[in-house]
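Student: Single-letter residue listing:
2 protein chains.
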Amino acid sequence: MDIKGFQFSAVEAAIKKPGRKDLALIFSEVPATACAVFTLNRVKAAPVLLSEERIKSGAAQALIVNSGNANACTGDNGLIAARETSLLVAAGLGISDSSVQVSSTGVIGLQMPMERIRAAIPGLIEGLPSGTLDDIAEAIMTTDTFPKLEARSGKAGGISYTVAGIAKGAGMIMPNMATMLSFIITDAAIEPAFLQQSFRRSVDNSFNSITVDGDMSTNDTCLMLANGLAGNPSIVAATPEAEEFDSLLNDVLLSLAKQIVRDGEGATKFVEVRVSGARENADARKVAMAIANSSLVKTAFYGQDANWGRIFAAAGYSGADVDPSRLSLRFDDVFMARNGVFSGGDAEARGTEILKKREFTVTIDLGLGDGSATVYTSDLSHEYVSINADYRT
Amino acid sequence: MDIKGFQFSAVEAAIKKPGRKDLALIFSEVPATACAVFTLNRVKAAPVLLSEERIKSGAAQALIVNSGNANACTGDNGLIAARETSLLVAAGLGISDSSVQVSSTGVIGLQMPMERIRAAIPGLIEGLPSGTLDDIAEAIMTTDTFPKLEARSGKAGGISYTVAGIAKGAGMIMPNMATMLSFIITDAAIEPAFLQQSFRRSVDNSFNSITVDGDMSTNDTCLMLANGLAGNPSIVAATPEAEEFDSLLNDVLLSLAKQIVRDGEGATKFVEVRVSGARENADARKVAMAIANSSLVKTAFYGQDANWGRIFAAAGYSGADVDPSRLSLRFDDVFMARNGVFSGGDAEARGTEILKKREFTVTIDLGLGDGSATVYTSDLSHEYVSINADYRT
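These protein sequences, in sequence, are chains A and B. Each residue of the first sequence is one higher than the one before, counting from 1 in this note's numbering. Each residue of the second sequence is one higher than the one before, counting from 1 in this note's numbering.
Mixed in with the good hints, there may be bad ones.
Since the list gives no way to pick out one identical chain from another, each pair is judged satisfied if it fits inside one copy or across any two copies.
Each computed BS3-like pair below joins lysine-lysine, with the alpha-carbon atoms no more than 30 Å apart [what the hints assert, rightly or not]: (1) Lys56 with Lys356; (2) Lys56 with Lys155; (3) Lys17 with Lys56; (4) Lys4 with Lys357; (5) Lys4 with Lys56; (6) Lys4 with Lys356; (7) Lys16 with Lys357; (8) Lys16 with Lys356.
In short, the hints are calculated from the structure, not lab data.
Please build the complete structure, drawing on both the sequences and the hints.
Tutor: Laid out in structure tokens, this is it:
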């Protein structure tokens with residue numbers, strides 16, 4: 001992957017326990033245009049508070065991120081820790097601390113082990129020229145079982161550029177950025193207002209359209225840096241180049257989002273929930289999210305039980321306008337119900353076959369209008385319970 | 001239990017499979033004052049649609065209820081089945097079908113096996129004089145592991161009366177009456193408007209304050225019948241007798257609600273979530289419900305992990321006004337966090353000891369006002385997943 005002017009490094013700081021790299025740095029050789037979205041939780045981690053304030057400038061040059069400790073519910077000491085971390089990075093890199101973004105993920109409520117962070121930062125900075133984006137993707141994992149990366153290349157004015165991204169997710173994945181981190185970098189030159197717009201749209205189509213357990217974390221962050229070092233003429237809105245960039249960015253984020261769902265805690269199924277025929281898109285989204293978050297629906301997926309009635313029940317309590325007599329439902333191409341009632345015939349047997357697959361689509365038509373939405377979700381398994389019952393130990 | 005003028009019967013109709021009583025009848029020897037609350041799900045089962053219409057008269061004399069089939073998502077045939085069932089009962093009892101309430105619980109989406117219902121009704125009616133309320137409590141069970149009953153006696157004008165209730169619950173328990181059935185009977189004479197008022201208040205304090213998995217069913221019903229055969233002077237609002245009745249009714253419903261949570265699918269813990277210091281009661285309720293419904297919080301309870309950070313995170317995304325720096329949290333009498341941060345000392349060890357108990361209280365103070373709410377919930381266990389993955393088989 002050729003992405004100009006970004007350097008990477010990851011080291012072991014033994015933040016939660018020794019044995020793995022848990023502190024990582026992304027550095028852009030020049031200040032980058034930056035935008036980000038953060039958790040909507042009212043209880044925000046200290047690094048989120050700090051980074052949210054700093055991103056208002058529209059620029060950033062470095063990101064330091066750790067796993068093992070969320071630095072959330074840590075009060076003033078947490079903020080002091082996040083600020084000191086950014087100061088140490090800034091000093092080591094010779095840049096302003098206001099251009100350093102800080103991100104954390106891990107256990108909530110414990111103070112950051114600052115003596116270990118302080119000790120690790122010099123080695124982190126020294127490692128910069130030789131690290132890779134893959135190293136960062138591994139260092140930010142918590143209960144993830146595999147690192148999540150995606151990259152795409154495009155052209156603007158005859159010059160090639162790359163959009164690359166990494167993410168961590170696993171449990172606690174929900175719309176509105178609930179517990180996940182994702183960092184996207186590109187060497188393309190892009191007009192800042194268009195970048196912001198394209199980024200927000202892509203986030204809505206990807207990270208805000210997935211759910212694992214309906215919880216929303218204190219630390220969610222999706223940060224994008226564009227440093228312009230590819231040397232292309234700046235991409236501006238409403239041009240073919242803008243359209244191409246938009247599409248690439250969307251692809252990268254959607255791929256990362258789907259990887260997060262596939263790696264949902266204990267997930268054995270990847271399910272695409274498509275809702276059509278709603279009075280409006282917002283209604284379709286309510287229905288899709290209610291289905292995708294229902295513990296009863298998700299345990300039925302796990303059990304490979306073609307229990308379409310639970311899906312209708314979830315649609316019914318979603319808050320959307322629903323007419324039971326107009327509902328239809330398919331598993332992939334098998335109609336389980338039409339006009340609100342069971343399709344009969346061999347639908348049960350055929351539907352059960354679909355649910356045995358690792359990936360399938362649930363399509364619900366509400367029969368009321370043109371509103372539609374798509375959401376991605378996983379099943380709810382024994383393993384999910386095991387992981388989350390024992391997470392801190 | 002001495003409750004005048006009510007008769008009971010339960011038989012095996014083999015609705016889902018043979019081997020247990022699954023069809024039950026409650027009959028009042030005279031028309032009773034009746035009130036009910038039903039599911040708010042837009043997808044309502046056929047018997048709910050029928051009963052909701054009939055209860056508008058304010059009177060009922062019989063209830064027929066089955067387990068094994070919810071008669072939901074069954075379209076017009078479902079409504080025809082519910083109506084025919086009530087007609088057969090009415091004919092057998094010599095009363096009007098408009099005074100027969102119908103209730104169902106079980107699998108969604110299958111048509112009722114009417115030939116078996118038709119065949120069973122004569123025996124059901126014949127069994128009336130000899131049955132007990134306990135028989136009904138057993139016949140309505142689905143994944144419940146024990147029948148749920150409660151009764152209290154009071155006096156009005158020197159005359160004794162009884163309030164008795166049964167319920168079924170287990171999974172899919174949620175505020176707003178989500179999947180449960182409960183039937184309350186009393187031989188007290190009560191002014192109808194006061195009964196309605198007292199009933200609604202008790203339902204809010206009990207069934208609308210519990211949650212197992214956040215799902216909401218198509219069939220929830222809580223029905224109350226008061227036949228006046230105790231012979232007391234009618235209880236009217238704003239009297240000591242009204243206060244006593246109110247308190248007894250509240251006790252019966254709260255006891256049944258707590259039994260439902262204790263018997264939540266796979267539950268190993270019974271947790272009372274108390275929220276205080278909210279700007280208003282509605283905010284306190286949002287926080288309590290977000291905590292009580294969080295899969296991450298509930299798996300931590302199951303794992304006996306004193307992970308108070310997840311509880312703060314749930315408060316933060318509840319939608320209520322929350323100031324992280326003012327939050328405090330206790331497990332029973334052990335402070336885990338004050339002013340938003342960990343209490344330190346031996347709080348971790350002491351908190352973990354509390355979570356090893358079968359029942360404990362989580363108390364969160366928001367530090368913002370006088371609003372408060374209490375909600376009852378269970379943990380999320382491996383067993384919950386097993387039960388719901390395999391429910392239909």
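Student: The structure should be examined with respect to each hint, and the outcome stated for every one.
Tutor: For each hint, the structure was consulted:
In this homomeric assembly, Lys56 and Lys356 never come within 30 Å of each other (Cα to Cα): the closest approach is 48 Å inside a single copy and 46 Å across copies. Taking identical chains as interchangeable, the C-alpha atoms of Lys56 and Lys155 lie at most 30 Å apart only when both belong to the same chain, with a minimum of 29 Å there against 68 Å between chains. Taking the shortest alpha-carbon separations for Lys17 and Lys56, neither the intra-copy value of 34 Å nor the inter-copy value of 64 Å comes in at or below 30 Å. For the homomeric pair Lys4 and Lys357, neither the shortest alpha-carbon distance inside one copy (41 Å) nor that between copies (57 Å) is at most 30 Å.
For a Cα distance limit of 30 Å, the shortest separation of Lys4 from Lys56 inside one copy, 25 Å, qualifies, whereas the shortest one across copies, 72 Å, does not. When the C-alpha separation of Lys4 and Lys356 is checked against a cutoff of 30 Å, the pair qualifies neither within a copy, at 44 Å, nor between copies, at 54 Å. In this assembly of identical chains, Lys16 and Lys357 lie within 30 Å of each other by CA distance solely across copies; the values are 28 Å between and 37 Å within a copy. With identical chains, the CA atoms of Lys16 and Lys356 are at most 30 Å apart between copies only, with a shortest distance of 24 Å across copies and 38 Å within one.
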